[in-house]
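> Residue numbers (the working numbering), protein chains in the order written: chain A, 1 to 280; chain B, 1 to 316.
These are calculated hints, taken from the structure and not from any lab test. Do not rely on the hints blindly, as some may be mistaken.
What follows is a set of in silico ranges between Cβ atoms, one per label pair, in the way DEER data are often shown [to be verified]:
1) A:Trp58 - B:Ser127: 36 to 42 angstroms
2) B:Lys224 - A:Met168: 44 to 50 angstroms
3) B:Pro90 - A:Arg106: 38 to 44 angstroms
4) B:Ser127 - A:Leu115: 54 to 60 angstroms
Beta carbons are placed, not taken as given, at the ideal position from N, Cα and C, and that holds for glycine.
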Amino acid sequence: MRPGAIKVFRTRLSIGALLGFTIVGINLAAVILAPVIAPYGQADLVGDVWAPPSAQFWLGLDSLGRDMLSRLLYGARTTVSIALLITVCSFAIGIMTGFTAAVIGRWVDIALSQLVDAVMAIPTLIFALVILSVLGTSVPALVGTIAVLDSTRVFRLCRAIGLNIVVMDYVEVARLRGEKLWWIMSREVLPNSLPPLITEFGLRFCFAFLFIAALSFVGLGIQPPIADWGGMVRDNAPAINFGGLAPLIPAAAIAQLTIGVNLLVDWYLSIHSRPHGLAA
Amino acid sequence: MLLKLVGYRLARGLTTLWLVSLLIFASTEILPGDVATAILGQSRTPETVAAIRNSLGLNRPAYIRYADWLGHFVRGDIGKSLANQRDIAPEIRERLGNTLFLAGIAACISVPLSILLGLLAAIRHESFFDRLVSAATLATISFPEFFIGYVLIIVFAVKLDWFPSLAMIDSQMGFWARLDAIALPAATLVLVVLAHMMRQTRAAVLNILGHPFIEMAVLKGVPKWRIVLEHAVPNALAPIVNVVALNLAYLVVGVVVVEVVFVYPGMGQLMVDSVAKRDVPVVQTCGLIFALTYVGLNMIADLVGVLSNPRLRHPR
């Protein structure tokens, strides 16, 4: 630990971790308080198209003359909450199937693993585009598609961790006691696999977040007029040809949150250094 | 023995290819809503849906349509677009060429550059340069492709006016004119994959540098650069090739977003437009081509990994 690190939560925080906490904290504040702190509504036309930043409009106006700062705050709401929803769903699916495969083993494990391997052989973006061409781009379709595709990665991790845990004596004892699958999964396997899962949650959140931003950017994600960061980049892209920086503001917003979450994950990893199962 | 091993890996790769085609076909089959409803949109009635299904041959059982679709795909005859009833094949061929050109140029720059920089970082382990590499990695992982793309446009197209901001190319352009047109999208792709490849190369070489035979070479007084080049690199070849293939495969996906940023007439742009129009046959074809490239590259990496490892070549 470097000297000059600051002590919070009984552990010393490095500069990186502190930065991570600050960034994530500010973003969470924006998500929760958007309607309270945003100076204007997300769809209000308040001035000239691409007006430069001023005292009245801190970050300038966008392609239709809406306040950039307000849309950024509302966009945080949409993008972050949808990414969070996707991550939670994919973890629910991945943890259930992964631990089931590990605990039951045999043909259940083989069947699930084969299916997951086949899905993982296709790049997620490509597969998602194929599915979305059939389902259309509604928010439930987006969340469902990405959650299912991303849960394959969670499955792999959970299965690997689970396999290390189910050979432990206490699981053997639970089985001899006659405990059911659900009890073994929730009481024995899950609590013992939390550190690597929490790390993975942060990384998968970043992935879902960048993914939804990329989809919105190509016009297949969250549809207007709802503000979201990827879509804002797309809306403001033409400003670039006049030397405007408007599309960079939401793009930078996307980058800063990803960096913040990554720094937090690094910090978490450094205190729970190399939990078992991580190498798998 | 080696032939058997390679044959086994090849068979596994081909099985994956087949499974991938099955998955892509099945995912458009089992989901609610089909091509017929997609064409008609809101104004559909049960009668019109039935008529369209009939004329497209959607009433036949799924496995026959799958065999039909795959057979046509293999012969390069992909069918008609739903949006404009034109043959898809010529357009896909042209766009695939454009995409391969862009991704190929990006690969030609990023692969040698990242391996070189990765080796430098490994030789000068824990130096300032090394730290710079890890900071740059975090940055490029976090910045979405379009952020890098727009920064490059602002700096090199708008402020400096060195390159065009939109990558317009057509078949009449010569090689150098094309190269000029795709300078910025290629640079974006290079930046997207560079840091990751560099970092993995560095990690693979550093991993080998921890082995006893390297210590022996150090004790003999071999200079550091020769240790890395002659002792470490041949042993780190398999992981490096793996990383290169993985990142080339990543290029296949990254190219979709980058093409949209620069309005480049490639496969990615076509696929995105077709998803918006819900033109399922075009999406299926593009998806299959992207997926096959991806799986194929991974298969090659797997084979090179086997061939470059003497212990796998001569199993006891």
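> Look at each hint and say if it fits the structure.
Hint-by-hint comparison with the structure:
1. A:Trp58 - B:Ser127: 36 to 42 angstroms: holds, 41 angstroms
2. B:Lys224 - A:Met168: 44 to 50 angstroms: holds, 45 angstroms
3. B:Pro90 - A:Arg106: 38 to 44 angstroms: violated, 50 angstroms
4. B:Ser127 - A:Leu115: 54 to 60 angstroms: The hint (54 to 60 angstroms, Cβ to Cβ) is violated, given that Ser127 of chain B and Leu115 of chain A are roughly 46 angstroms apart.
Hint compliance for this structure: hints 3, 4 are broken, all remaining hints hold.
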